[in-house]
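S.K.: In order, the protein sequence lines correspond to chains H and F.
Take the first sequence: its letters are residues 456 to 769, numbered as in this note's numbering.
Take the second sequence: its letters are residues 829 to 1036, numbered as in this note's numbering.
These are calculated hints, taken from the structure and not from any lab test.
Among the hints, erroneous ones may be present.
[Said to hold, decoys possible] Okay, derived cross-link-like pairs now, DSS-like style, lysine-lysine, Cα gap no bigger than 30 Å in a straight line: (1) Lys513(H) <-> Lys578(H); (2) Lys894(F) <-> Lys734(H); (3) Lys932(F) <-> Lys547(H); (4) Lys936(F) <-> Lys547(H); (5) Lys637(H) <-> Lys578(H); (6) Lys993(F) <-> Lys936(F); (7) Lys734(H) <-> Lys835(F); (8) Lys894(F) <-> Lys835(F); (9) Lys932(F) <-> Lys835(F); (10) Lys994(F) <-> Lys637(H); (11) Lys895(F) <-> Lys547(H); (12) Lys637(H) <-> Lys895(F); (13) Lys619(H) <-> Lys578(H); (14) Lys994(F) <-> Lys936(F); (15) Lys894(F) <-> Lys932(F); (16) Lys547(H) <-> Lys637(H); (17) Lys993(F) <-> Lys932(F); (18) Lys895(F) <-> Lys734(H).
Chain by chain, the residues:
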Amino acid sequence: MLIRIRRAGDVRESEITPESLYLSRRLFLAGGAAAALGLSVNPARAEAALRALGPMRKSAFSTAEERTPYEAVTNYNNFYEFGLDKEDPAAKAHSLQPRPWSLRIDGEVARPQTFDVDDLIAKTPLEERIYRLRCVEAWSMVVPWVGFPLSSLLSRVEPTGKAKYVAFETLHDPMQMPGQNKEVLEWPYREGLRLDEAMHPLAILAVGLYGRVLPNQNGAPIRLVVPWKYGFKSIKSIVRIRLTERQPRTAWNVAAPDEYGFYANVNPDVDHPRWSQAKERRIGDFFRRDTLMFNGYGDEVAQLYSGMNLRRYF
Amino acid sequence: MRPSLDKTVLFIAASLPALALLWLVPTDGLGVNPIREGMHYTGDWAIRLLILALAITPAAKVSGAKKLFRYRRMIGLFAFFYGLLHVFTYVVLDHFFDVETIIKDIAKRPFITIGMGVFLILLALAVTSTHQMVRRLGARRWQALHRLVYLAGVGAAVHFTLSVKKDITEPLIYGAIIAALLLARLLLRYELLPRLKIPAVRGEPVEP
Ligand code: HEM
Chain H
456 MLIRIRRAGD
466 VRESEITPES
476 LYLSRRLFLA
486 GGAAAALGLS
496 VNPARAEAAL
506 RALGPMRKSA
516 FSTAEERTPY
526 EAVTNYNNFY
536 EFGLDKEDPA
546 AKAHSLQPRP
556 WSLRIDGEVA
566 RPQTFDVDDL
576 IAKTPLEERI
586 YRLRCVEAWS
596 MVVPWVGFPL
606 SSLLSRVEPT
616 GKAKYVAFET
626 LHDPMQMPGQ
636 NKEVLEWPYR
646 EGLRLDEAMH
656 PLAILAVGLY
666 GRVLPNQNGA
676 PIRLVVPWKY
686 GFKSIKSIVR
696 IRLTERQPRT
706 AWNVAAPDEY
716 GFYANVNPDV
726 DHPRWSQAKE
736 RRIGDFFRRD
746 TLMFNGYGDE
756 VAQLYSGMNL
766 RRYF
Chain F
829 MRPSLDKTVL
839 FIAASLPALA
849 LLWLVPTDGL
859 GVNPIREGMH
869 YTGDWAIRLL
879 ILALAITPAA
889 KVSGAKKLFR
899 YRRMIGLFAF
909 FYGLLHVFTY
919 VVLDHFFDVE
929 TIIKDIAKRP
939 FITIGMGVFL
949 ILLALAVTST
959 HQMVRRLGAR
969 RWQALHRLVY
979 LAGVGAAVHF
989 TLSVKKDITE
999 PLIYGAIIAA
1009 LLLARLLLRY
1019 ELLPRLKIPA
1029 VRGEPVEP
């Protein structure tokens, strides 16, 4: 089950094929078994090789922990725009058209702008950030993202003195995102950060993983990654960023305010009403491990919350 | 006594979801988070067989196919078996005997508390499912005890509903089926549903 994908630089197209064939054959077998039982495992699918991203710097923020295999990162996703099961996004996200894509940034800024995402990728120095990802459902992964600090983009639009929060919105297009035909969440998916959180160097906009552009199911073509917060904060397929004076609405907080707070910082001491957050299962592990405060990024981010009651502002 | 053909077929059919695990697990058929998927898989089969067991009595009474009663115990025991696999997955695979966490879970989280209650009912019914137990308890008391199966059904539906993060359509469908079966039972009791009078099948306890 360990499928190693090499760094972008040294993978040639011809080398991709055997691997994706192998993958689709294996998924086909499992899919057959599952289909016989009415289980939903994604069907065989020979994924077209995704474009490799250009040179990228390494980052001191990266963890040295073992990376979760590409196959797991791209086949086990929460992306309700494509269905509620973890396998749905991989099976159904082909209807999303991530290119061309524009990203609008406005609100309390001096220079509102619309960016073409590929243009942005070409003109922005990229970094690899290998981060832990902790889902609110008590599982975790280690993902080698490719992206750039959110702060670099926000600085370019020059937030005004009134800007206190940053609001993000996913694409709203039920043709491309059929899950939006069902009212499971308030569409479009919305997320938000305090401006100082958004300006923190750990917060990035990711445009790729494992050296290649983002697969659709992982939030192509551009998504947020805030590694010290539960995964649902890291909004996918972003079309709009707005700087605001007031705390913005966020999808899960609207859906279940007692279960999902605006902050949603990873915190082993504050349980979800229906399960404990003290431990987590790293995908691929048998034993659960202890969940770390701020997902292990406390040294970097704890000062953002000094003096705050994190039980109240969960 | 040789097992009859129909019961053998039923036994094999009800074992298939468990046997499938022997294949699904090594082929990664449960996906990359197999323990969590295993919780769902075993929970789903436990509630399905429980519903099937609950359906036997009304189905037999309304249709007059009294032969159906012959299968009730086996189906009920399979419901318990999948419930046992479910609890095993939780205690051994998910939490690896982390007793502290498990006890906290049971005490603090209503959906786990209810699941536990349902499991205890199924356990009690399984333990008292033999003919010998019917005799020892007396038909009346045995029957009173085994009516708890309806509580188990309702509890299982509530447990399922509370466990879901978003979109409770599926558990509500299961819940509606259980509610319908309960209603059928009440209607039968007050002779509001057409039914054929069926004498008890020899050797198998039958509710009035
Ligand atoms: C001590 C007893 C039990 C415990 C601790 C327990 C625990 C759980 C847990 C942790 C989940 C998964 C929640 C999630 O991750 O989404 C679950 C789901 C479920 N359980 Fe139980 N359970 C118990 C007994 C039962 C029994 C006896 C039944 C049925 C007769 C049952 C039926 C279900 C069903 C149908 C689901 C949902 C499966 C799905 O989402 O597809 N549980 N249970």
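S.K.: Assess, step by step, whether the Cα of Lys894(F) is no farther than 30 Å from the Cα of Lys835(F), and give holds or violated.
M.R.: holds (15 Å)
S.K.: Given the hint that Lys936(F) pairs with Lys547(H), test it: the Cα-Cα distance must not exceed 30 Å.
M.R.: Answer violated: Lys936(F) to Lys547(H) is near 37 Å, above 30 Å.
S.K.: With a cut-off of 30 Å on the C-alpha distance, tell me whether Lys734(H) and Lys835(F) pass.
M.R.: violated (44 Å)
S.K.: Next pair to validate is Lys993(F) with Lys936(F); report whether the Cα-Cα distance is within 30 Å.
M.R.: Judged against 30 Å, a Cα distance of about 17 Å means the pair holds.
S.K.: Under the criterion that the straight-line Cα-Cα distance not exceed 30 Å, is the pair Lys993(F), Lys932(F) satisfied?
M.R.: Within the cut-off at roughly 20 Å; holds.
S.K.: Quick one, are Lys895(F) and Lys547(H) close enough, alpha carbons at most 30 Å?
M.R.: Judged against 30 Å, a Cα distance of about 46 Å means the pair is violated.
S.K.: Sort out whether Lys637(H) lies within 30 Å of Lys547(H), counting only the CA atoms.
M.R.: Holds, at roughly 15 Å.
S.K.: Below or equal to 30 Å on CA atoms is what counts here, so check Lys637(H) against Lys578(H).
M.R.: violated (38 Å)
S.K.: Under the criterion that the straight-line Cα-Cα distance not exceed 30 Å, is the pair Lys932(F), Lys547(H) satisfied?
M.R.: violated (38 Å)
S.K.: For the pair supplied as a hint, Lys619(H) and Lys578(H), is the alpha-carbon distance within the 30 Å limit?
M.R.: OK: Lys619(H) and Lys578(H) at ~28 Å, within 30 Å.
S.K.: Checking one constraint from the list: CA of Lys894(F) to CA of Lys734(H), max 30 Å. Satisfied?
M.R.: Since the Cα atoms of Lys894(F) and Lys734(H) sit roughly 51 Å apart, the hinted pair is violated (cutoff 30 Å).
S.K.: Run the distance test for Lys637(H) versus Lys895(F): straight-line Cα separation, threshold 30 Å.
M.R.: Not OK: Lys637(H) and Lys895(F) at ~44 Å, beyond 30 Å, violated.
Of the numbered hints given earlier, the model fails hints 2, 3, 4, 5, 7, 9, 11, 12, 15 and 18; all others are met.
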